[in-house]
Each structure stands twice: as structure tokens, then as C-alpha cells.
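There are 2 protein chains.
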Amino acid sequence: MLTENVAVHWHGIRQYGTPWHDGTDGVTQCAIMPGETLDYKFVVDRAGTYLYHAHYGMQISAGLYGFIIVKLPDGVSEPFAYDHDHTILLKDWYHGSTYEEAVGLSSIPFKWVGEPQSLLINGRGRFNCSAADTASGVCNATNSDCSPYSLTVVPGKTYRLRIASLTSLSALSFEIEGHNMTVVEADGSFVEPFVTKNLYINSGETYSVIVKADQDTKRNYWITTNVVGRKPSTPTGLGIFNYYPNYHYKYPTTVPTTGPFWNDTASKLAQSRAIKAHHDYVTAPPPTSDRVIVLLNTQNLVNGIYRWSLNNISLSLPLTPFLVSLKHNFTDTFDQNPPPDTYDVENYDIYSVAENKNAASSNPIYRIDFNTTVDIILQNANTMTNATSETHPWHLHGHDFWILGYGDGKFNITKDPKSYNLANPILRNTVPLYPYGWTALRFRADNPGVWLFHCHIESHFYMGMGVVFEAGIDKVGTLPKSIMGCGKTKHMINS
Amino acid sequence: MLTENVAVHWHGIRQYGTPWHDGTDGVTQCAIMPGETLDYKFVVDRAGTYLYHAHYGMQISAGLYGFIIVKLPDGVSEPFAYDHDHTILLKDWYHGSTYEEAVGLSSIPFKWVGEPQSLLINGRGRFNCSAADTASGVCNATNSDCSPYSLTVVPGKTYRLRIASLTSLSALSFEIEGHNMTVVEADGSFVEPFVTKNLYINSGETYSVIVKADQDTKRNYWITTNVVGRKPSTPTGLGIFNYYPNYHYKYPTTVPTTGPFWNDTASKLAQSRAIKAHHDYVTAPPPTSDRVIVLLNTQNLVNGIYRWSLNNISLSLPLTPFLVSLKHNFTDTFDQNPPPDTYDVENYDIYSVAENKNAASSNPIYRIDFNTTVDIILQNANTMTNATSETHPWHLHGHDFWILGYGDGKFNITKDPKSYNLANPILRNTVPLYPYGWTALRFRADNPGVWLFHCHIESHFYMGMGVVFEAGIDKVGTLPKSIMGCGKTKHMINS
Numbered sequence: 001m002l003t004e005n006v007a008v009h010w011h012g013i014r015q016y017g018t019p020w021h022d023g024t025d026g027v028t029q030c031a032i033m034p035g036e037t038l039d040y041k042f043v044v045d046r047a048g049t050y051l052y053h054a055h056y057g058m059q060i061s062a063g064l065y066g067f068i069i070v071k072l073p074d075g076v077s078e079p080f081a082y083d084h085d086h087t088i089l090l091k092d093w094y095h096g097s098t099y100e101e102a103v104g105l106s107s108i109p110f111k112w113v114g115e116p117q118s119l120l121i122n123g124r125g126r127f128n129c130s131a132a133d134t135a136s137g138v139c140n141a142t143n144s145d146c147s148p149y150s151l152t153v154v155p156g157k158t159y160r161l162r163i164a165s166l167t168s169l170s171a172l173s174f175e176i177e178g179h180n181m182t183v184v185e186a187d188g189s190f191v192e193p194f195v196t197k198n199l200y201i202n203s204g205e206t207y208s209v210i211v212k213a214d215q216d217t218k219r220n221y222w223i224t225t226n227v228v229g230r231k232p233s234t235p236t237g238l239g240i241f242n243y244y245p246n247y248h249y250k251y252p253t254t255v256p257t258t259g260p261f262w263n264d265t266a267s268k269l270a271q272s273r274a275i276k277a278h279h280d281y282v283t284a285p286p287p288t289s290d291r292v293i294v295l296l297n298t299q300n301l302v303n304g305i306y307r308w309s310l311n312n313i314s315l316s317l318p319l320t321p322f323l324v325s326l327k328h329n330f331t332d333t334f335d336q337n338p339p340p341d342t343y344d345v346e347n348y349d350i351y352s353v354a355e356n357k358n359a360a361s362s363n364p365i366y367r368i369d370f371n372t373t374v375d376i377i378l379q380n381a382n383t384m385t386n387a388t389s390e391t392h393p394w395h396l397h398g399h400d401f402w403i404l405g406y407g408d409g410k411f412n413i414t415k416d417p418k419s420y421n422l423a424n425p426i427l428r429n430t431v432p433l434y435p436y437g438w439t440a441l442r443f444r445a446d447n448p449g450v451w452l453f454h455c456h457i458e459s460h461f462y463m464g465m466g467v468v469f470e471a472g473i474d475k476v477g478t479l480p481k482s483i484m485g486c487g488k489t490k491h492m493i494n495s
Numbered sequence: 001m002l003t004e005n006v007a008v009h010w011h012g013i014r015q016y017g018t019p020w021h022d023g024t025d026g027v028t029q030c031a032i033m034p035g036e037t038l039d040y041k042f043v044v045d046r047a048g049t050y051l052y053h054a055h056y057g058m059q060i061s062a063g064l065y066g067f068i069i070v071k072l073p074d075g076v077s078e079p080f081a082y083d084h085d086h087t088i089l090l091k092d093w094y095h096g097s098t099y100e101e102a103v104g105l106s107s108i109p110f111k112w113v114g115e116p117q118s119l120l121i122n123g124r125g126r127f128n129c130s131a132a133d134t135a136s137g138v139c140n141a142t143n144s145d146c147s148p149y150s151l152t153v154v155p156g157k158t159y160r161l162r163i164a165s166l167t168s169l170s171a172l173s174f175e176i177e178g179h180n181m182t183v184v185e186a187d188g189s190f191v192e193p194f195v196t197k198n199l200y201i202n203s204g205e206t207y208s209v210i211v212k213a214d215q216d217t218k219r220n221y222w223i224t225t226n227v228v229g230r231k232p233s234t235p236t237g238l239g240i241f242n243y244y245p246n247y248h249y250k251y252p253t254t255v256p257t258t259g260p261f262w263n264d265t266a267s268k269l270a271q272s273r274a275i276k277a278h279h280d281y282v283t284a285p286p287p288t289s290d291r292v293i294v295l296l297n298t299q300n301l302v303n304g305i306y307r308w309s310l311n312n313i314s315l316s317l318p319l320t321p322f323l324v325s326l327k328h329n330f331t332d333t334f335d336q337n338p339p340p341d342t343y344d345v346e347n348y349d350i351y352s353v354a355e356n357k358n359a360a361s362s363n364p365i366y367r368i369d370f371n372t373t374v375d376i377i378l379q380n381a382n383t384m385t386n387a388t389s390e391t392h393p394w395h396l397h398g399h400d401f402w403i404l405g406y407g408d409g410k411f412n413i414t415k416d417p418k419s420y421n422l423a424n425p426i427l428r429n430t431v432p433l434y435p436y437g438w439t440a441l442r443f444r445a446d447n448p449g450v451w452l453f454h455c456h457i458e459s460h461f462y463m464g465m466g467v468v469f470e471a472g473i474d475k476v477g478t479l480p481k482s483i484m485g486c487g488k489t490k491h492m493i494n495s
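Chains as they are written, first to last, in the UniProt record's numbering: chain Y, 1 to 495; chain P, 1 to 495.
Hints in this document: simulated from the structure, not taken from any laboratory. All the pointers check out, no bait thrown in.
Chain copies aren't distinguished; within one or between two, either way the pair holds.
Heads up, simulated DSBU-like pairs for lysine-lysine below, C-alpha to C-alpha not over 30 angstroms straight-line:
1. Lys-327 - Lys-481
2. Lys-157 - Lys-250
3. Lys-41 - Lys-481
4. Lys-231 - Lys-276
5. Lys-327 - Lys-488
6. Lys-250 - Lys-218
If we strip away everything but chain Y, and leave its shape as in the complex, we get (with noise of 0.2 angstroms):
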């Protein structure tokens, strides 16, 4: 990319002992400019499913994304049983320019990103596809807008599929018409095995599932995939799960469902739910926590533009990564109030329109004392549209949280704690936040360095929608010149 920078973020993988290379511009690097070298090098500690994606700009909707798969040391096997290991790699597709989004995002008047025009599954997906593309019932791999992915299975088998979001904006469901999943694995954490007749999937959420070839031989079945949790206005994607021998682009003659309904927030809630620790591999949460930090998700005009705060504070990212700030000790880099652990819990209305006027752009961090327990409440809101409130779904960097239970309406600090699931709960990175509702999580702060935890959908991230913790910085290692170059590093230039 001869004119564009770039910062690559490993999805996933914690960087215990690198926390420099975690890949986030603003956070732990300067953003790498063209024609530069960063060399990333991490330890990938524990098998699994993961990502890597740009953490720079809108950089993900423009298609810098793809999975990391850790194989499990020869000799340890998963608790489940598969033939063939397939990865499905889900997406949604803005046609515009990524650049003229994110000036809309930040301009007067705000312009909205607004819903993908197509659904891709594995970069394949469908536009303006005509009748003539359909009509014979075989695809027509002529138009490369209207040829989809195809899943050869043989008869019989046993298949896991890796199935990951990295969607800017929407939520999915997806679906293999006629066969049930079995659900697995949780962003690298075995899953107690669920079955499901559809996958509710999350932008920055990864999942295994095993799937039996099992069912009418001498036909094709639809893959597909649909928006949840917005009112979808993008048609439904599209791939197809291929029978052996059959023709793999001939096109199955059922209707391809439109998946469950967009506003079954109850559906999701009971999936996510659902998700436990398999229990061969329960891994138990501290009984108790050191610090409890509410986050309030709001929506807010910050200078007459469309922003998204925790607590009355929208991130802004600083010019010198806080990395390198907070290693050597700049405290005009960044905002060194410390930021609130709670919102006005007694008077503030979650179901009234976010007003919010104190809200600002700022960039304070959590500063959290190292190898202590940190329980985190995401505490949703309605927006500043009447009787609206969005999903998010919350990625923290460097570690994984205990997800210790979902709540609907206000979280209540006496009463929620004790219906928190501390017997087998999911270790994973990412977790949704639902309409109205609340989640919490519980993770270990013993990852020395400075996390980004933030909402995954790209265009409310640039709109500020997170925040940053840090601990242990005293056990950071000398920072490699090579994430320097910006801000402030550029005063640490000997000339």
C-alpha cells in the first residue's frame, strides 16, 4: 500500500511478554507507514480459532482480515471428533470507498456508514444479480458478483467448521439449511456441545462447529447468512453446502431462509446463555473481584458530532501510543484524569434517549493494579433515537474474561452478582451486549501492557466507542523502535 499506513491486530492472541505487538494504532504502536517494516512476533501459547484484521482506520472494512488457526501440540486431541476442518469466514460489504466513510463519520453533518449493501461468506457473496444469474439454477460463475461459495462435503462425514465475523456493522445469524450444529469451541475455549438449528455470530467472535453430512445426498443445501439485531436491509448471503458428486454451483430449488427474526433479542440471550465451559476444561473464575468497573454505553452529540461514549467519555486516540507514553513516563500525551468506575446508577434512564451533554472526546485510561481481579458490567442504553437501543459486541486485548452472566433492564450491584455463573462460565475474548441489557465479565489483570477493550463493529469504534486498561507497565519490557515514530517518540530522536 503505497500511500496508506496500516497497524495488523492478532485476534486473539494475548502477547503475554509482547505487548508491543498487539497491533493496535494509538494504543500499543504508531501506525506503520507505507513502505516500512514492522516484523510482529508473539508466542501463540494454546491452540485455536483466531483473526488477525487491520487496527488502523476503517481498514477492516476494506478487507485486511483473515483467521489464525493454532493446531494443538501432536498427541492432544479436542473433546470432539471430526473428518475434514474447514474455515468460514463471515462479512459484510460496504461498495463505497472506506476512506469516504470515515470522513463521513467525523464530519458536520454526520453521515452514517448505513446498513452493507451484500453479505460475503469467504469474500463471496452476491450484487444486482440478474434473473439470468439465477435462473438456470446453476450460479453463474461468469459474474463474479453472483458466484458463491461453495462447501464440497462427502456423505457421511464429519466436518468442523471454524466460523468467524469480522462484520464492520452487522450482527448475523447463520445457517446450513437442513443440518444441525453442533457448537464447540468459543474463541479458542472448548464449549460444552450445544446444538443449534442456526449460529448467532458477533463481528470479532469465533466458533468451531461440527456438522454430520448426513442428509439427502442427491441435492445441494443452502448456506446462508443473516443480519439480526438492526432491521436488515441487505439481502441474505448466500453460499452452498455441496453434496459429492453433485455439480458444486448447481443451486439448491428451496427458498434460502431469511434466517430468525431481526429483533429476537431473546433468541440471542438464550444462545449466549447456552455457552459454557466444556466440562473437561472448566478453568474457575476468582471467587471474588478486586474492582468493579460499570461501563455505561451511551450514544452522544460530542461537538455537534455522532459519538459513542462509556461513562460521559468517547475515546479519542492519543498521537503517542499510550504504550510508549505511560513506558516513558509523558503525561501530556494523554488525559490523566482517571476515568469514572460508574456512571449515576440511581437517576440515569437507560430506556430514555441518551442526552448525556457532558459527554466528551477525552482519552483517560483504567489504570489497574497488576494480578488483581477486575469485574467489568457493560451496562446498555437507548440511543439518541426514541425506543432504540444496539447490540455491541465488546473485544478486550490481551486477556480472556470469564463471561459470569447477561442481565436484561439496569444491572443492580446487590442483586445481579448473585446469579453469576461461577461454576463452568466460557473463557472468551469477545461477548455481546444486548439491547437494554447488561453483561458481565471477570478477567485477570496479569498481562503487563496497555489493552484496548472496545466494541467490535469498526465504525463505532471510530466513534469512540472504547476504552483502555493498563497494568503492570512496570514489567514492560525496553519497546521496540520500530511501533515509534509519532506523537511524542519524535521528541526521543537524537538529532
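With the hints as your guide, set chain P onto chain Y.
Quick look at chain P alone, frame taken from chain Y:
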């Protein structure tokens, strides 16, 4: 710009004592990253008509450009009189993304930018204008795609029009229907006045012309600009020369001129030759030069990509700006082999399709002894297309040069210097090289620093059409840290 780097060049400002603020990415500075600040500080030491524009990627095409008008000191006046002073900036406009253009120019298969979709006069032009937009004879100002620039003049008054071109590709002809223009200034130097019906103008050139509002005051006249030098496929750029008090958006009923024949090189050459220093403002060039550098302009395939080369070297900007490398004695940041001062004059056929299989992308520099006089002979040749040679406007940073002469065919170093105009050559910063011809210029290397000399067609420069001169680097003061941050300057970080 939240995700775009930038550098801004002050075109025509010589930057005596501030070579680090010439604004050329890769030559005098690292690009300015989003959110960063670089305060350009420089002395404007003489009056005249200059420009500013981006000098990064394809950002002129993206629209970052404008005039710099340096006024005369009080009590000093030009050798011409006028009542009013107006600026007219000409531009070719591509409707696509400049990011996509840049990708196309560096891809295999190579994708040329093609001809522009519109010509703009002071940012206004026309595109997809329907009959309804013009049928009434009045500009439909509600359609911003079809509302031209209108210059209102008062009958009987005299106008100085400062006309500049910052086209990305097109050489232009400019005229005002029914009005002659007297050319009086070029690139900040006073011109011995001459009258013309049309002004040929290349990217990077500025002119002042005097126009008298002495025609039929009952009507408006067309201002037109047309592509010359390449076979045009772009509609005539239209503006209105509006006689007050006629309605300023009333179209003339005459047919706008389509300009001179696009390939009438003789006419363009004649006008170039007519541009001489004003008799009261002649600065004589040194009578001889200390060094002659002959630069053969060829188009070549380098590693499968179309590039432009000078003496078989296609400029690829280094990651570390030349100025920083030279000041800090870095020898591993650019090609240390001096580039050739000439080509194989005897055997090279400038009328054959360029092959030059030895052409390579690289970044050597011409090191010039300080305060010596250098002659540059720009030698044109055939491109990689049969019977094709293009026009290239060459622009020198940090200096003006005397234009000693133009010629057809291959420059003859024995005979041709005898025809040099040493009596009253114009001092300029930009000069055209015509198809199959040569252009000779002379400059004094009296400005300590590192200076780019390049074709001002943005895509040609992007494709390597430039060389770099160094002189007096030992006289350059301490470089500001604000120009650093990229390439090997990271090694200078004190971590």
C-alpha cells in the same frame, strides 16, 4: 484527514535557509501522519504568483492545492497597469478515487489513469449536464455539476488574471472568447509583454495576463479551456466572462471554442519561445556552465510495471528522506552510485519505441558542487507506444532556472548551445519538454539542500519521472524533528 498522510509543497518558494520545509515527501521530510502537526516556516523573498499543493501520493488529484500570491512591497509596482486582480486555477478532474488510481499505477496488470472526466476552472466544471441544464441559455445553478465559474468584469476596466494549472495530466489551452491576452508574468518573473489569443499552460506553470473588458458589453463571453498535447476526450472546460450588469449565469449564445489542434506542437513551441524576460528585469545567466547533465526521458517496463526513467533510472522515493540521510551521513538508505550525466547519445534512436531493458527503479542523487552552474538538457524520445512522444512539464524545487532554448529532435551538444538565448532568457521554475524535442535550462546551485526536479504530471512523477539534486548539504542547519519519524530516523530514537 483522520487516516491520510500528507506533505505540502510551496511551489515557487525557494526555501533559502529552510530546505526542510520544501514539503516533498521522501526528499525533504517524512509524511505528516493523521493528527500530527508540522509548522511550515519559510521566507517569501520576492513578489509573484506561486502555488501550494500536496506532494504525497496522488493528493493533488484529490484536490489539495491553491494559489500563493506574494505582494510587491509598498511603493513598488509592476511594469504593467490594471484595475483589478483575479486568480484562475485550472484543473483536470477524475471522478474516481485517487487511491484506486495509485493502486492501478503500481499494479500488474498496470492500470493507467486515463483521460480526466472534466476540466475545472476555479473548481467548477461540468459533468453529465443534460439538455435541460443548458437549453434555457442560463446556467442551471441548482445542478452543481453544471454551474460554471463566472468572472464579472466592468466595461472598460483592465484585468490582471493570474492563471495557473495544477492538472494531474492534461496540458491545456486557455482562452477568453473575443479577447486577446497580454502575457506579463510567468512563475513570478516579469515577461516581455506579448499578445496571444490563447494561452498554453502546463501543470505547475503560473502566468499573469492582462485583459481589457473592451468588447460588446451587451453580452457575456465564454471562458474555455481545452486539452492539448494528448488526444482529448474531455469536454471543454467552460466559464463565463460576464460583462456587468448582464446576468452572471447567462450563457453566451456562441459556440464555445474547442481550442487549437491538440497536436499542434509548433504553435506551443512558438509561444514558449516568445516567453522572455521583461527588458527592464533581465537577470543574465552565467555565460557558461560548470556541468552539463543530459536527461533522456523514456517510458519503460520495470519489473512488469510501466515507469518513466531518466537515463534508465526511474525514481523510487526512499523511506528515509534524502535530506535526513545526507545530513546524517546515512549511506544505506538510498542508492550511493551516482546517476549518469548523460545517455548513449550516439546510438540511441529517440524515434523508436523505448525498450531500455536496463531501466531500473532506484534512488541515486546528483551531487552538485555548491555555487556552481549546471545546465540540464531534457531530451524527449518515443514512449513504449509506436509514434508517440508526450509533453512533460518539468519543475525544479528550490531554484528558478533560465530557459536557454528549445529544439526539435536530438540535442547536439556541439551545435545547439550556440543557439542558446543568453541575452534575456526567462527565469522560471517549470518548463515544458515537447514531443521528440529538447529543452535546455541553466541554474545556479546556490541553495543548500536537497531538491527534487520532476515532471509535474502527478501520475508521471508517481511512475518515477524525477531526479534529485544535492548541493551544499554541509551548509544546512540542524533539521527539525518535525520532519522525521519514518525510515531510518527511527534509529535516532533514544529508547
